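J.: Produce the entire structure from the sequences given, and follow the hints as far as they go.
Heads up: the sequence lines are chains V and Y, in that order.
The first sequence begins at 1 in the working numbering and counts up one residue at a time.
The second sequence begins at 1 in the working numbering and counts up one residue at a time.
Accuracy of the hints is not assured; some may be wrong.
On the chain Y side, residues computed to face chain V include the following (Cβ under 7 Å) [stated by the list, open to error]:
| no. | residue |
| --- | --- |
| 1 | S69 |
| 2 | L135 |
| 3 | R137 |
| 4 | E151 |
Hint data in this document are derived by calculation from the structure and do not stem from the laboratory.
Computed from a prediction, not measured in an experiment: that's the story for all the values here.
Glycine residues also receive a C-beta, built at the ideal position from the N, C-alpha and C atoms.
There are 2 protein chains.
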Amino acid sequence: MSELPRTMARQLAGLVGEDVRLCGWVEAVVEDGDAPVLVLRDPTGFAVLRPDRGDGQLVAEIRSLRRESAVEAEGRVQPLPEPAVDLLAAARTSTAGSEGVVLQRLRVVGAAVKDVPISEATPIDERLDRRFLELRRPPNRLIFDVQTTVEHAMREVWRRERFVELHSPKFRPTPNKSGSELFTVDYFGRKAYLAQSPQFYKQMAMASGLDRIFEIGPVFRANPLVTSRHDTEFTSVDVEMSWIESHHDVMGFEERWLRHVLEVVQATHGDDIARWFGAEVTVPEVPFPRLHMADAHKILDAAGHRVKGKKEGDLDAEGERLVARHVLRELGHEFVFVTDYPEWIRPYYHMRAADDPTRTRSFDLLWKGLEVTTGAQREHRPDVLAAQASARGVPLGPIDFYLEFFRYGCPPHGGFGLGLTRFLMSLLDVDDVRQVTYLHRGPTRITP
Amino acid sequence: MSELPRTMARQLAGLVGEDVRLCGWVEAVVEDGDAPVLVLRDPTGFAVLRPDRGDGQLVAEIRSLRRESAVEAEGRVQPLPEPAVDLLAAARTSTAGSEGVVLQRLRVVGAAVKDVPISEATPIDERLDRRFLELRRPPNRLIFDVQTTVEHAMREVWRRERFVELHSPKFRPTPNKSGSELFTVDYFGRKAYLAQSPQFYKQMAMASGLDRIFEIGPVFRANPLVTSRHDTEFTSVDVEMSWIESHHDVMGFEERWLRHVLEVVQATHGDDIARWFGAEVTVPEVPFPRLHMADAHKILDAAGHRVKGKKEGDLDAEGERLVARHVLRELGHEFVFVTDYPEWIRPYYHMRAADDPTRTRSFDLLWKGLEVTTGAQREHRPDVLAAQASARGVPLGPIDFYLEFFRYGCPPHGGFGLGLTRFLMSLLDVDDVRQVTYLHRGPTRITP
Numbered sequence: 001m002s003e004l005p006r007t008m009a010r011q012l013a014g015l016v017g018e019d020v021r022l023c024g025w026v027e028a029v030v031e032d033g034d035a036p037v038l039v040l041r042d043p044t045g046f047a048v049l050r051p052d053r054g055d056g057q058l059v060a061e062i063r064s065l066r067r068e069s070a071v072e073a074e075g076r077v078q079p080l081p082e083p084a085v086d087l088l089a090a091a092r093t094s095t096a097g098s099e100g101v102v103l104q105r106l107r108v109v110g111a112a113v114k115d116v117p118i119s120e121a122t123p124i125d126e127r128l129d130r131r132f133l134e135l136r137r138p139p140n141r142l143i144f145d146v147q148t149t150v151e152h153a154m155r156e157v158w159r160r161e162r163f164v165e166l167h168s169p170k171f172r173p174t175p176n177k178s179g180s181e182l183f184t185v186d187y188f189g190r191k192a193y194l195a196q197s198p199q200f201y202k203q204m205a206m207a208s209g210l211d212r213i214f215e216i217g218p219v220f221r222a223n224p225l226v227t228s229r230h231d232t233e234f235t236s237v238d239v240e241m242s243w244i245e246s247h248h249d250v251m252g253f254e255e256r257w258l259r260h261v262l263e264v265v266q267a268t269h270g271d272d273i274a275r276w277f278g279a280e281v282t283v284p285e286v287p288f289p290r291l292h293m294a295d296a297h298k299i300l301d302a303a304g305h306r307v308k309g310k311k312e313g314d315l316d317a318e319g320e321r322l323v324a325r326h327v328l329r330e331l332g333h334e335f336v337f338v339t340d341y342p343e344w345i346r347p348y349y350h351m352r353a354a355d356d357p358t359r360t361r362s363f364d365l366l367w368k369g370l371e372v373t374t375g376a377q378r379e380h381r382p383d384v385l386a387a388q389a390s391a392r393g394v395p396l397g398p399i400d401f402y403l404e405f406f407r408y409g410c411p412p413h414g415g416f417g418l419g420l421t422r423f424l425m426s427l428l429d430v431d432d433v434r435q436v437t438y439l440h441r442g443p444t445r446i447t448p
Numbered sequence: 001m002s003e004l005p006r007t008m009a010r011q012l013a014g015l016v017g018e019d020v021r022l023c024g025w026v027e028a029v030v031e032d033g034d035a036p037v038l039v040l041r042d043p044t045g046f047a048v049l050r051p052d053r054g055d056g057q058l059v060a061e062i063r064s065l066r067r068e069s070a071v072e073a074e075g076r077v078q079p080l081p082e083p084a085v086d087l088l089a090a091a092r093t094s095t096a097g098s099e100g101v102v103l104q105r106l107r108v109v110g111a112a113v114k115d116v117p118i119s120e121a122t123p124i125d126e127r128l129d130r131r132f133l134e135l136r137r138p139p140n141r142l143i144f145d146v147q148t149t150v151e152h153a154m155r156e157v158w159r160r161e162r163f164v165e166l167h168s169p170k171f172r173p174t175p176n177k178s179g180s181e182l183f184t185v186d187y188f189g190r191k192a193y194l195a196q197s198p199q200f201y202k203q204m205a206m207a208s209g210l211d212r213i214f215e216i217g218p219v220f221r222a223n224p225l226v227t228s229r230h231d232t233e234f235t236s237v238d239v240e241m242s243w244i245e246s247h248h249d250v251m252g253f254e255e256r257w258l259r260h261v262l263e264v265v266q267a268t269h270g271d272d273i274a275r276w277f278g279a280e281v282t283v284p285e286v287p288f289p290r291l292h293m294a295d296a297h298k299i300l301d302a303a304g305h306r307v308k309g310k311k312e313g314d315l316d317a318e319g320e321r322l323v324a325r326h327v328l329r330e331l332g333h334e335f336v337f338v339t340d341y342p343e344w345i346r347p348y349y350h351m352r353a354a355d356d357p358t359r360t361r362s363f364d365l366l367w368k369g370l371e372v373t374t375g376a377q378r379e380h381r382p383d384v385l386a387a388q389a390s391a392r393g394v395p396l397g398p399i400d401f402y403l404e405f406f407r408y409g410c411p412p413h414g415g416f417g418l419g420l421t422r423f424l425m426s427l428l429d430v431d432d433v434r435q436v437t438y439l440h441r442g443p444t445r446i447t448p
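T.: If you want it as structure tokens, here you go:
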């Protein structure tokens with residue numbers, strides 16, 4: 001082909017009369033009168049290409065195209081006649097115009113040798129087997145454009161506020177947390193474990209004087225549940241910050257950070273998200289509502305909902321939905337921080353409230369009723385931390401490396417973790433984590 | 001303390017006469033005449049704090065401080081008298097001025113309860129055990145500031161050029177590459193493997209129509225060597241791009257990307273890197289020199305160096321150094337792409353040169369004689385790919401999921417991988433990977 005730079009489908013508007021080179025996939029070949037029309041798809045949308053009148057060879061080439069072949073096409077941009085506009089109307093992205101291209105040259109650079117065997121009606125497991133084909137559809141493509149924008153906007157705030165990017169090791173010498181849901185690796189004849197979260201290592205960064213850090217990376221959970229909400233591997237967004245007065249400083253950071261992220265997402269993808277997912281992106285007011293757990297339970301009492309069993313004093317999924325609905329109705333806010341969880345449902349390393357040792361300086365963030373974040377101020381005083389671990393029955397030997405972090409001068413600190421796919425589910429009003437994950441991993445799913 | 005916002009040590013210049021609040025660590029307490037001087041360290045540098053004349057309680061508090069305790073301090077900025085300037089001269093970061101603070105209030109927020117047991121003279125293994133203390137030293141802190149800047153600058157280019165951020169799964173169903181150096185995970189009673197690279201999944205993204213992607217994430221290599229150059233887990237920077245004509249398009253991207261990164265690093269950290277590491281950051285000219293492997297071997301022949309054994313036709317470490325030295329001498333360039341590696345030392349999925357099937361469309365990038373990148377155009381035609389695999393004795397069954405990626409229309413594509421710590425080693429002229437890794441993992445090192 002020529003040396004023309006690549007033009008994207010979405011750029012055709014405004015280029016009428018100019019020669020362009022498009023690169024994309026054969027979405028369809030449709031007969032229109034006595035000539036075929038090629039509908040080409042690229043990451044930005046669709047383009048309609050017609051052969052030059054009387055070019056018999058080009059007509060034959062277009063008719064011989066198999067759907068989904070990768071092609072390069074050159075031609076001149078011109079306004080579309082009405083029938084072609086109809087043709088595109090269903091498939092088109094929101095900002096595509098009504099320009100077409102008079103095709104002059106076509107090159108198949110990656111021929112499809114088989115027909116695509118899946119459609120939207122195909123059962124989820126078969127679609128996951130052929131995930132690379134499913135990802136070609138515009139709404140799926142959009143998910144990963146949005147994800148890219150979300151992460152970039154997060155990083156803009158971190159960069160501005162002097163956070164350091166961390167890459168903590170995924171191999172751990174000892175089980176963390178309760179020892180359950182843990183993957184074991186054969187590590188040169190001994191056992192190693194895959195990190196379920198970077199918790200200890202992001203706290204180590206505070207003991208290292210890195211002050212404020214973030215990490216976006218994989219975490220691993222050997223959860224045996226096969227549901228549309230669970231996975232064995234996901235991308236965790238972690239933040240830890242020093243020199244705080246309480247967990248309220250951590251919430252203060254998180255809310256201005258999320259506000260910026262949603263501002264950028266709305267401006268960049270708001271229309272496309274509405275079109276493909278029917279979801280409205282709202283830029284939240286700051287501060288977000290903060291609701292003490294005791295007050296959250298008053299709301300549940302009034303609604304006649306009682307959290308029972310081992311979740312007592314906590315919120316169950318239904319409780320989270322009810323609290324969120326109450327906040328949305330009373331305060332008009334999609335977000336709510338539920339704060340000060342009872343100590344028995346939080347890890348031993350959460351700091352206790354100064355005036356009530358049964359409460360922790362902790363919070364969850366609910367968005368549209370879904371928990372997207374868990375955060376807290378950590379206990380940084382080594383004697384208090386050891387006492388809290390002992391009271392919980394945690395043996396001090398295996399966590400001595402962790403207690404060491406706090407024995408040489410460690411500032412007060414706290415942080416939170418946010419599941420990237422959870423966040424995307426709330427943002428796009430999608431209820432299946434497999435849809436917003438590039439390649440899902442679950443107890444019965446480890447391919448492709 | 002008061003509601004004053006935090007001031008960083010490096011900001012004191014220009015604040016003479018103003019009240020500030022500093023947060024940091026006790027670097028030292030030194031007697032100066034009849035009063036103690038507190039030297040405080042924060043992420044940006046050092047500050048000298050003297051008690052208000054006659055404030056006996058503050059004098060006693062300063063004298064009781066244990067080194068490395070985390071403290072908050074309030075006071076008024078004033079010019080430093082000469083002796084304090086001397087005191088700071090050795091330790092200070094390059095841009096610290098000669099301002100001090102008259103201390104009015106001091107709060108110990110994280111007391112050190114033990115003395116720091118390591119110094120620069122401590123053997124490496126003990127220092128790695130106490131890595132969080134070693135990281136407090138300014139040059140180590142600088143490494144992670146530079147890393148943060150490097151990644152951010154990389155992302156600026158990706159963002160500008162419409163790359164999508166990918167998070168590919170680290171659990172793999174089958175061994176990749178040769179099956180050697182592979183970590184095995186107990187995955188619900190079956191075996192899974194940890195990804196040694198995102199190779200297959202970044203190519204899948206090309207088959208998915210994501211067009212251009214990047215990923216920064218961990219990769220895992222069960223290499224049993226214990227050296228200062230090897231690790232079992234490191235951060236890999238991966239790029240893959242579609243619609244290329246050849247591997248030269250990939251090199252074209254990489255060189256303008258690295259030029260931007262080094263421009264930003266030089267502007268942001270050039271002085272500090274010179275001061276702490278004695279390394280000069282040079283912004284490279286583009287294009288980088290490109291040297292066909294056959295010509296690289298002519299240079300080695302002329303230098304009397306012969307690459308023997310299984311590396312024949314390849315470059316060994318000494319060969320890389322000699323080629324890089326030649327290019328630096330003849331062309332004045334720190335970088336050189338060595339291109340068109342023989343097919344027998346490249347994986348089966350590298351595309352062969354159209355005019356010479358014994359050569360691949362591949363390259364390595366050497367920087368100061370160290371290989372920092374391996375890249376190539378990939379073979380995207382499924383029949384050619386299968387034939388190349390078979391010729392290499394690779395059974396087609398286990399890679400059929402991979403061959404599928406190319407059967408439904410896949411554009412020509414290529415990419416590269418860059419080791420983040422390798423890059424930092426070249427940038428900072430450091431020869432021990434453990435120094436530039438947050439927490440090193442090796443065959444005998446999995447703690448803390």
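J.: Would the hint on R137/Y be counted as holding, given a Cβ-Cβ threshold of 7 Å to chain V?
T.: violated, 9 Å
J.: Under 7 Å, Cβ to Cβ, is where S69/Y needs to be relative to chain V, so tell me if that hint holds or is violated.
T.: holds, 4 Å
J.: Should the hint that E151/Y touches chain V count as held when the rule is a Cβ pair under 7 Å?
T.: E151/Y check passes; min Cβ-Cβ to chain V is 6 Å, inside 7 Å.
J.: Going by Cβ atoms only, is L135/Y closer than 7 Å to chain V?
T.: holds, 4 Å
Hint compliance for this structure: hint 3 is the single one not met.
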